Amino acid sequence: MQFAIEAHGLTRRFGTYTAVDKLDLCIPRGSIYGFLGPNGSGKSTSIRLLTGLLTPDAGTINILGLDLPRQTELLRTRIGYMTQRFSLFSDLTLIENLQFIARIYSLNRKLIKSRIAELLERYDLADRGHLLADSLSGGQKQRLALAAATIHQPELLFLDEPTSAVDPENRRDFWEKLFDLSDAGTTILVSTHYMDEAERCHYLAIMYAGVKRADDTPQNLMNNMGANVVEISGPGLRQLKQLLLSVPHVMSVAQQGVQLRVLMDKAMAEPVAYIRSATPGLQPQHQLAVVRPSLEDVFVTSTGGGH
Amino acid sequence: MKFLGRIAAITLKEFRQLSRDRLTFGMVVMIPLIQLLLFGYAINNNIRNINVGLVDQAQSFASRSIIDAVKATQVVQVVASYNSIQDAEAAITAGQVRAVLVLPHDLEQRAANKASQQPLGQWLIDGSDNIVSSALLGLRNMPLQELQRNYSQQNTPSFEAVLYFNPERRTPVNIVPGLLAVILTMTMILFTATAIVREKERGNIELLITTPLRSLELMLGKIIPFILIGLTQMTIILSLGHFVFDVPINGQPVQIVGATLLFISASLTLGLIISTIAKTQLQAMQMTVFILLPSILLSGFLFPYEGMPAPARYIAEALPATHFVRMIRGVVLRDASLLNMQADTAFLAGFTVIGLLIATLKFKKSLD
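Residue numbers (this note's numbering), protein chains in the order written: chain A, 1 to 307; chain B, 308 to 675.
Keep in mind the hints are simulated off the structure, nothing from the lab. There could be a bad hint or two in this list.
[Claimed, not checked] In silico DMTMM-like links for lysine to aspartate or glutamate, alpha-carbon gap of 25 Å or less:
no.	chain 1	residue 1	chain 2	residue 2
1	A	Lys110	B	Glu524
2	A	Lys177	B	Glu513
3	B	Lys507	A	Glu73
4	A	Lys177	A	Asp124
5	B	Lys529	A	Glu155
6	A	Lys113	B	Glu524
7	A	Lys177	A	Asp167
8	B	Lys529	A	Glu96
9	B	Lys529	A	Asp57
10	A	Lys177	A	Glu155
11	B	Lys669	A	Asp57
Computed from a predicted structure; not experimentally measured.
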């Protein structure tokens, strides 16, 4: 398989703080690859290293067959980058913004007009072309930014927390557009701290404190998780949570509405029976059940749990 | 008493933030310190060592003693001698000297003839700076004791004076070209600096650095609109000066535009350098003021260069505005050309090239 991104031992320090620690990545062409992690886990730094905006302290990067940071300038026209923050010009209209970006990428003057019309149409902004970018809603701004990042039809698209400022409906629409791009052959690397967003990726890397903790398809990550999930419902959940946290082999306990979600070390073959026997405060009216793990469970398990 | 505690908390926080914002902190200290020093130096109208030239047609004992007496006043320093009045006038036009003392062939006869009302010599004075010209006019009646002992001439002025370029000694003639320098300094530096810093603040730069755009392209692209703005300002100022304040525009339009373009370029690159240092628009503004004040005080716009002590002159020489004030007065009032004033022309051109280089190198296309 041909990789769009290949990185080995990628490390970047800021002073004594290591933002990215020995990161290895192999991202297949045409896939949507997600970086899932909390703020400060090294997602943005990784993206900046991979786009040549930061120079690594150690490690090798090969992107679309080019060596970084040596060939960064050659890479520019072949990648698109959508920043975390809306970084187009709020005091220009949509069309003016796109014209500006198109000219920066030296698109053929004759093609610019039709390309912009096509993009505005595709991203549902056709009726807003002459409005100032400032007047757009959060979702519209994201779509405009995506239009700008893809105006030169890049082979590889970097999206740094693209939907952190948008509501779930807009997020779903936005992802539809990403799947369209992926379908057309674009490789997409997206960072997020939303589980629902992460679950849509073809491949997922879980980042924590600058280290990649797990790396697979979301389904495999959930299947191969090193923990069982037990849901407990019943009275006195707040007190019960404290009790459970001191039980050996319990990795994490989180309340979700009227239930407690308990992550148990997979070494314990019979989690329900074990909890019943090992938890003194548990009463018969409490109901316990093993459930299918979610991506959040994977995340909690691989980042060390709530202890 | 709670409110005092809260106020103290706020004050402490502000000081902490200020101490972390080292540039602003530096400005807090440096602006009063340096500007006060500059003020102290510059407001010194006791003018000394004005550069003057000589046309000594007499070449006699009397002429040499007159020259010694003039030198002894320390108001002027003789930096050149010319063979003809034409050469001397050209030197004034080029700004090499502020005035020329002409001592005629018949100096001895004039001095000997007690009944004569003829002055001994003539001062040809560049009138484009009023303070300088008034200091030179003060020399008209200087007593020449050496000669007076011998010849005793009492009621006749020692010298006759001719004011070139601004015979009526009107202030606007002096102020308007200088004002062009000050206004351009302010607007050009501030506009470029804030224009780039604003993009940094709004995150636009983050977008631009991932594109194929090169640093130098970005810098030049930013500069060009401001060049046009600067030329517009020049047109407004000089037109108003000419039609409202009756300032003579003696220079060639090509020379005026050429000189202004040089200065605009130098100021814009200065703005670019500021923009690569400043992180916020406020910082950019503060740094602009930091350059603007000495440009007003030391450039020769308000106080003549000749009135400044050596340290102030060194600072003045480093400011593009000083060179432009000289050039634009020379070009507008004395019909000098850029070639006449090649030292100033070269400084502004060199400043632009080096400044652009520094700005481009400092604006790295990475976030390291």
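Self-check item: Structure-inconsistent hints, enumerated in ascending order
Solution: Numbers 5 and 9, in rising order.
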